[in-house]
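There are 2 protein chains.
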Amino acid sequence: MQWSELADQPCSFSRTLSVIGDRWSLMILRDCFMKVRRFDDFHDRLGIGRPILTDRLRKLVANFVLTKVAYQQNPTRYEYRLTQKGLDLYPVVMAIVHWGDIHMNDRKGRPLIHHHLPCGHDFDPVMTCSECQAELSPREVTIRPGPGARDTVHLPPRAATAPRSRQRSKPAG
Amino acid sequence: MQWSELADQPCSFSRTLSVIGDRWSLMILRDCFMKVRRFDDFHDRLGIGRPILTDRLRKLVANFVLTKVAYQQNPTRYEYRLTQKGLDLYPVVMAIVHWGDIHMNDRKGRPLIHHHLPCGHDFDPVMTCSECQAELSPREVTIRPGPGARDTVHLPPRAATAPRSRQRSKPAG
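Keeping their order, the protein sequence lines are chains A and B.
Counting along the first sequence from 1, when you hit position 131 you're at 623 in our numbering, and nothing is skipped either side.
Counting along the second sequence from 1, when you hit position 161 you're at 653 in our numbering, and nothing is skipped either side.
Take the hints with a grain of salt, since some may be wrong.
Each pair may be met inside one copy or between any two copies, as identical chains are not told apart.
Computed list of lysine-lysine pairs in BS3-like fashion (alpha-carbon distance at most 30 Å, straight line) [stated by the list, open to error]: (1) Lys-527 - Lys-600; (2) Lys-600 - Lys-577; (3) Lys-527 - Lys-551.
Calculated from the structure, these hints are not laboratory results.
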């Protein structure tokens with residue numbers, strides 16, 4: 493499979509990666525959620541080449557993740573803002589940050605503290621079930637084909653069976 | 493900034509991407525959560541070249557996301573299993589899948605249905621606050637430097653201020 497074919501796969505994971513699976517696109521998105529909006533600011537913070545930055549911003553706009561808005565006339569200058577589709581990537585960004593906070597924190601503690609305004613507490617993001625609100629564990633989730641399934645290549649080898657424990661140190665047989 | 497410098501940044505997002513920001517690594521992880529474990533199975537499902545697959549698996553093992561376990565002797569053959577560090581990436585994978593389910597579903601509906609065994613319902617993953625259990629919205633979260641902050645480059649331009657609405661169609665000034 494070529495990388496360019498990802499968007500055509502009957503798999504929501506592959507399709508999402510076809511839009512944001514590029515490493516610099518993800519770094520740009522992180523900055524967008526920190527209210528960075530202007531080309532030169534992205535450039536200064538990320539230190540990537542202008543052609544690459546131009547290309548990634550163009551792609552995010554083309555996929556309706558960002559929208560380009562004029563903030564000045566004569567000469568016209570633009571800034572990049574998250575659309576609702578882009579804002580909906582917040583769980584992706586928070587999940588990536590949280591894993592780094594736990595597993596890549598350099599023993600000094602996390603670089604950023606997140607504060608939840610409605611409840612007034614510092615918090616960790618927790619991925620929960622929409623139906624029972626319990627925290628999700630991969631061992632308690634099963635998968636089966638949905639209406640958008642086209643073939644079985646991207647389904648699990650044994651769909652609709654609960655995954656066994658992955659913590660055993662020896663193989664099953 | 494070179495891509496290889498990401499792991500050294502005082503930013504949990506960059507550090508996580510230094511381990512899993514590679515596109516194929518993410519695709520391999522998706523398959524790991526579907527209980528794919530063997531080199532040839534990854535190869536057949538993902539259709540990537542063996543040298544790239546070898547490299548990505550080696551990197552995931554080196555970063556303790558996967559562990560290599562012998563499942564056969566004479567000749568010795570190995571399979572790859574998620575460690576606890578790897579299992580902790582489940583929210584990242586689920587967040588990516590869910591965004592694709594909502595925004596990239598090709599109008600046919602989602603390719604996979606997720607079922608939560610403890611409550612017995614099909615579900616969507618919801619990212620919530622650990623303290624008040626409410627669903628997180630980027631507009632209700634502020635950020636401030638934590639104990640691991642080293643400089644201000646990777647902090648938001650205006651730390652500890654609430655983000656304004658990003659939905660306005662015209663710039664502020």
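### Query
So which hints don't hold here, by number, going up?
none
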